[in-house]
Amino acid sequence: MWHAKTSRMNALAGIASGDRGVRLSRGLLLLALLTVSATVCHARGRPSPDASSQSSAFQWTDTQWGRVLLMKDYNTRIVIFGVAVLGGASGLVGSFTLLRKRALMGDALSHASLPGIAIAFIAANWFGGDEKSLPWLLVGATASGLLGVAVILVIRNQTRLKEDAALGIVLSVFFGAGVALLGVIQQMDTGHAAGLEGFIYGKTASMRAADARLIAVTSLIVIAGCLVLFKELKLLCFDEGFAGAQGFPVIALDAGLMTMVVLVTIVGLQAVGLVLMIALLVIPAAAARFWTETMWRMMLWAALLGTGGSIVGGLVSALFPGLPSGAMIVLVCSLFFFVSMMLGTRRGVIIRLIRRMRLNRRIDRQHLLRAMYEQLEKSSGGLDDSGLAERAKRRISVSLGKLLSMRSWSRRRLSRAIERAVEDELLRIQDGACKLTQAGFTEAARLTRQHRLWEMYLIAYADVATANVDRDADKIEHVLAPEVIDQLEDLLDEQGMTIPVPQSPHGPLGSGEAIGVLGTDAEGHAGVEPPHDDSGGHQ
Amino acid sequence: MLNPPERNDDANLPTAARDDGAGADVPLSVYDLTVAYHRKPVIWDVGFDLPAGQLIGIVGPNGAGKSTLLKAVMDLIPRASGRVRVFGDTYRENRHRVGYVPQRESVDWQFPVSALDVVAMGLYDKIGWCRPVRKKHRQQAREALGRVGIGDLADRQISQLSGGQQQRTFLARALVQDADLYLMDEPFAAVDAATERAIVEILRDLKERGKTAAVIHHDLQTVPEYFDYVVLLNMRVVAQGPVSQTFTQDNLQKTYGGRLTLLDEVTEAMRRRESSL
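Protein chains in written order, with our numbering: chain R, 1 to 539; chain B, 540 to 816.
The hints are simulated quantities; they were obtained by calculation from the structure and are not laboratory data.
Quick caveat, the model's predicted, so the values are computed rather than measured.
Where hints are given, some of them may not hold.
Stated by the list, open to error - Not the full set, but computed from the structure, chain B residues with beta-carbon under 10 Å of chain R:
1) P580
2) W583
3) L615
4) Y630
5) V640
6) F650
7) P651
8) I666
9) C669
10) R695
11) R712
As the list claims (entries may be wrong) - Lysine-lysine pairs mimicking DSSO-like chemistry, simulated, CA-CA at most 27 Å apart:
12) B:K579 x R:K231
13) B:K675 x R:K231
14) B:K579 x R:K162
15) B:K674 x R:K231
Ideal Cβ placement from N, Cα and C applies to all residues, glycine included.
Given these sequences and hints, build the entire structure.
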């Protein structure tokens, strides 16, 4: 039973964490995206969609669903294209703001734009203009959005309030004012106010081709901006101080980034809605982070995810005019996010669990082998490490109970470790007791040696070593690289301490586990949590 | 919080920095520099001329304004008053001759870049606006990583580096700047012994090639070993000069007030060192 479980676990670990797994999951996602884009291109590529479908009396492509999904209408096509470019641009800009830790600025901005839209509407109505003219409404949105950002900056710089408080104040006050103004518009006798709700929740169905073109062009400008300023913005997000010291104008760069956020947010209002615009700025970028450790890859992924989410959300909203596209886009994006969070090949939850499990297993195995070795040493008395002694030691078997008493590990955990060691032919079980194989003995001797070198080093150089162990203090013994072992040997050699497997520096075997100064005892390894406080030297 | 040490008129008073503008041979000259956050002064009337081609330690207690001083020198924060000359001109004019190592804690090490990417950032100014990082730049960055002894970790994401390796990455980034004056903010903070040795070696190598390095340093015991010249700072310059003359218990007492229990140890360490010479 153990065997079955173990091999299953191994298989899982192999698939999800190996190169194969990485490629597989990436491939699947790419495939999904390709399918979407292929559908889009296919539909768009047809010279005359109506002509080809006229031949048969009834085709699903003639239904409203078919028409939308294959994007037979010029309007649908251009709207979806506009939204797709918008999604890509938001993914790129969002990556920068996320890394700059200014993600919520976009949220405040979009909420703050509502009163501007309402005032622009009222003003247009007053002066007899076209109160539904998108560019005019967006001018209002931009003005009040920027005013909101300015107020945030003033609050942050002129008072002792922190940015989050300033964001909360501006976001709610401006949005509240906007909602109040919308109420005023409802009371006016023009009766056109209904269209404004599209700005709150997003409504691709109500977009005109001209609107979509405006969105697409603006988004393309933003994408170009992100690509051209990639290097500078990367430096700004990573190390503002160094950027400034090198003479890059930090404030101007921040302003540039903010301008791009403004552009994306404002043109995205109609498609996504001001309540949920922040989702398109944050979610694709955050999801992309799970897949890669490289910035340009992260931005590529964010752009793809943003595009995918926008296309799907936009299509659904075009199909069902009652469904706000903002909500649809958010739902699709959050699905992407959830999948990324779980399956992400670099930082996903599953890969981390697997890594932790593997480390724990390795540590268990090392503890088991070392416990075996120490028992053998004990029973074989003062024999040195000659070949004869090795054979003598290997003949000794150690009972499970004995092993169990050597560390504070549970019977279950120990038996599992033994199962796995047997599977890997490091250990044999005879008459209910464990014996090391040739390979097992070599490995056990190596591990014991490593452990004791490390202990001796700590004892000899503890005051230096505490700083040396930095991040891996808790598990350092298990991750010592070969070159570190070499260095340790050199060091201890100078002290005249080198022997094949040195005697335990802390006296009688089994009694001195407490000397593992840096928490090398069994329970300390249960997690891959940060090292204990005694790693020291961090002040 | 901190009371500035009493300004007394004995020989240790900063003598440097007349306002006649330092010559091009003075790497860094500061005169009457005052910086305030929210109207509370952090450094006050700081003035000194750093000697060229030496390793200079900037030493003082927490909150003494050491980082603030470096940042004010590089125009990263506004100055309330004062003048800064780098090789006889403004920082802006000569910034290409200055390399900077910020505090390691000042950035987010989870950022999705590799060690090589970080080092290449030292070249961004030379590469110029909107131009991509090219192969020769990456090669330069790789060499710098080799110089600090972590050439094999170039492609590793920075969160996968240990604290010492991260510090070396920052140092490599300053090295590719190929500057004449290096300003380093606590490069020795929380690094392992091997990294500490590597940094010291690099500092000495820089000195050999005629460069100047001003290094904020916390470990008083190593000051006489690592540095030629020292600036003792606690809001004001308490004392400055060659280590052998300036780094005295008296001056340290003035810098740290009564708060330093380590002082006796340091004096002891210095005495031992002198007697061994």
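So, going through the hints one by one against the coordinates:
no.: 1; hint: P580; in the structure: 18 Å, violated
no.: 2; hint: W583; in the structure: 23 Å, violated
no.: 3; hint: L615; in the structure: 5 Å, holds
no.: 4; hint: Y630; in the structure: 9 Å, holds
no.: 5; hint: V640; in the structure: 9 Å, holds
no.: 6; hint: F650; in the structure: 5 Å, holds
no.: 7; hint: P651; in the structure: 5 Å, holds
no.: 8; hint: I666; in the structure: 7 Å, holds
no.: 9; hint: C669; in the structure: 5 Å, holds
no.: 10; hint: R695; in the structure: 9 Å, holds
no.: 11; hint: R712; in the structure: 8 Å, holds
no.: 12; hint: B:K579 x R:K231; in the structure: 36 Å, violated
no.: 13; hint: B:K675 x R:K231; in the structure: 16 Å, holds
no.: 14; hint: B:K579 x R:K162; in the structure: 19 Å, holds
no.: 15; hint: B:K674 x R:K231; in the structure: 15 Å, holds
Going down the numbered hints, you'll see the structure goes against 1, 2, 12, while the others check out.
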